[in-house]
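Trainee: So the chains spell out like this:
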Amino acid sequence: MSGVRVLVGTHKGAFILTSDAKRKKWNVNGPHFAGWEVYHMHGSPVDPNRLYASQSSGWFGQIIQRSNNGGQTWEPVGNKFAYEGVPGTHLWYDGTQHPWEFKRVWRLEPSLTDPDTVYAGVEDAALFRSTDGGQNWQELSGLREAKGHLWQPGAGGMCLHTIIQDPSNSQRIYVAISAAGAFRTDDDGQTWLPINQGLNSGEIPDTSAEVGHCVHNLAMHPSHPNILFMQKHWDVMRSDNSGDSWKEVSGNLPSDFGFPIAVHAHEPNTIYVVPIKSDSEHFPPDGKLRVYRSRTGGNEWEALTKGLPQSDCYVNILRSAMAVDALDSCGIYFGTTGGQVYASSDSGDSWMPIVSNLPAVLSVEVQTLP
Amino acid sequence: MIRVVIPYHLRTLAQVTSEVEIHVDGQATQGALLDALESKYPMLRGTIRDQATKERRPFIRFFACGEDLSLESPNSPLPDPIVKGVEPFRIVGAMAGG
Chain P
0 MSGVRVLVGT HKGAFILTSD AKRKKWNVNG PHFAGWEVYH MHGSPVDPNR LYASQSSGWF
60 GQIIQRSNNG GQTWEPVGNK FAYEGVPGTH LWYDGTQHPW EFKRVWRLEP SLTDPDTVYA
120 GVEDAALFRS TDGGQNWQEL SGLREAKGHL WQPGAGGMCL HTIIQDPSNS QRIYVAISAA
180 GAFRTDDDGQ TWLPINQGLN SGEIPDTSAE VGHCVHNLAM HPSHPNILFM QKHWDVMRSD
240 NSGDSWKEVS GNLPSDFGFP IAVHAHEPNT IYVVPIKSDS EHFPPDGKLR VYRSRTGGNE
300 WEALTKGLPQ SDCYVNILRS AMAVDALDSC GIYFGTTGGQ VYASSDSGDS WMPIVSNLPA
360 VLSVEVQTLP
Chain L
0 MIRVVIPYHL RTLAQVTSEV EIHVDGQATQ GALLDALESK YPMLRGTIRD QATKERRPFI
60 RFFACGEDLS LESPNSPLPD PIVKGVEPFR IVGAMAGG
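Residue numbers (numbering that gives the first Met the number 0), protein chains in the order written: chain P, 0 to 369; chain L, 0 to 97.
Please note that the accuracy of each hint is not assured.
To be clear about the criterion: a stretch of chain L counts as covered by chain P if any three or more of its residues have a C-beta under 8 Å from a C-beta of chain P, and this derived list gives those stretches [to be verified]:
(1) 35-47
(2) 88-95
Distance windows between CB atoms, simulated [stated by the list, open to error]:
(3) L:Glu18 / P:Gln189: 31 to 37 Å
(4) L:Glu18 / P:Glu301: 58 to 64 Å
(5) L:Glu66 / P:Thr206: 55 to 61 Å
(6) L:Ser69 / P:Asp205: 55 to 61 Å
(7) P:Asp239 / L:Thr52: 43 to 49 Å
If you're looking for bench data, these hints aren't it; they were derived computationally from the structure.
Since this is a predicted model, take the numbers as computed values, not measurements.
Idealized CB from N, CA, C, for every residue including glycine.
Let's have the full structure, built from the sequences with the hints guiding it.
Mentor: This is the structure in structure tokens:
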């Protein structure tokens, strides 16, 4: 019988949650890497037992862990992330230029075709690739040539947090950076284009600048790779032309601020966001934890509340903390800064907590197992 | 053999349970000791000092014989009691909450 494996990265370690396809009873395994921040864990689409984890600490820096048995055991692999050439500078909070400095890996994205190839999105923002299972990392430095001197850190740091590979075009990759925007390569990472036309951000002097936007997350359905969805700092956006231009689809959301955005596994026009109150509060409006679903690819949104706390809830849901499974009845999962991981096995109609008292959840990924 | 005490999280990473013993070829300096430690436990590379510059990470301190050697040159000879294994060289994570 098929099942799901939910990979949860937290402020103090990693947890692996497993269930059969019914998704009613869950086994909680962990903590792995106890006491370390785990910004992200992800599995290979072609070898589900090959996992990668980003383990980091303010004291001891960055470690990359690899598992060949679905997270039962792990081995540390390469952790040398050296920027290509002279790193140069980027825009700093006070308007001056600041040297590029590696801090941590925010995102690990295994290749769609090769379990030994994996991408790493890092802070300060850059994209690295390993083709030997994480032992050695090379920067795809053409990305920083896309006006990197004008990128600047958001409150969470200048991080490359989203990596999406186009399943129909092996040369095309999308990334997103806070606060720089979205970027696309059509030549396997050698050169990159800013794809931010149509974004409007009141937080920067030129609100429609080519770069500088605080993009929080991107999502794509593999069957419609030219359609992208974006949760920006403010505004939910949609592109129908591979990011060449964007239009706002925030519609009737109670707040168009938020962090994650996800697409239903079987309905390419059904998308999910979690509206958050901002600036600075960063908790759900009115203390009600509500996932919003649009079945029209944006603009028209419905609140999903069954099983979620509807009073006195003041958690946040971070940008990498929502994912979907690919079972027949699509499952949606998200984790909170309060340590809860919620699951829906019916496309979001109803929810239940899988676990309730983990450390603050930084990321959630889901593997659908054969 | 030089005895080295490493912080709890790095003991877990290196899969050791107590202090480790390190052999240093040639003059026993702080830098040579860290080179030998990282050679024996390669998973520690980058966790104590920067892999490229070899600079000590900001929240790491080096203590020996009741003294803080963190700001000593990597080329400084280690104290005799450390070289002879009488006292351990202590690698310590700075006190900081969270």
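Trainee: Hint by hint, where does the structure go against what was stated? Just the numbers, ascending.
Mentor: Hint check: 3, 6 fail, others pass.
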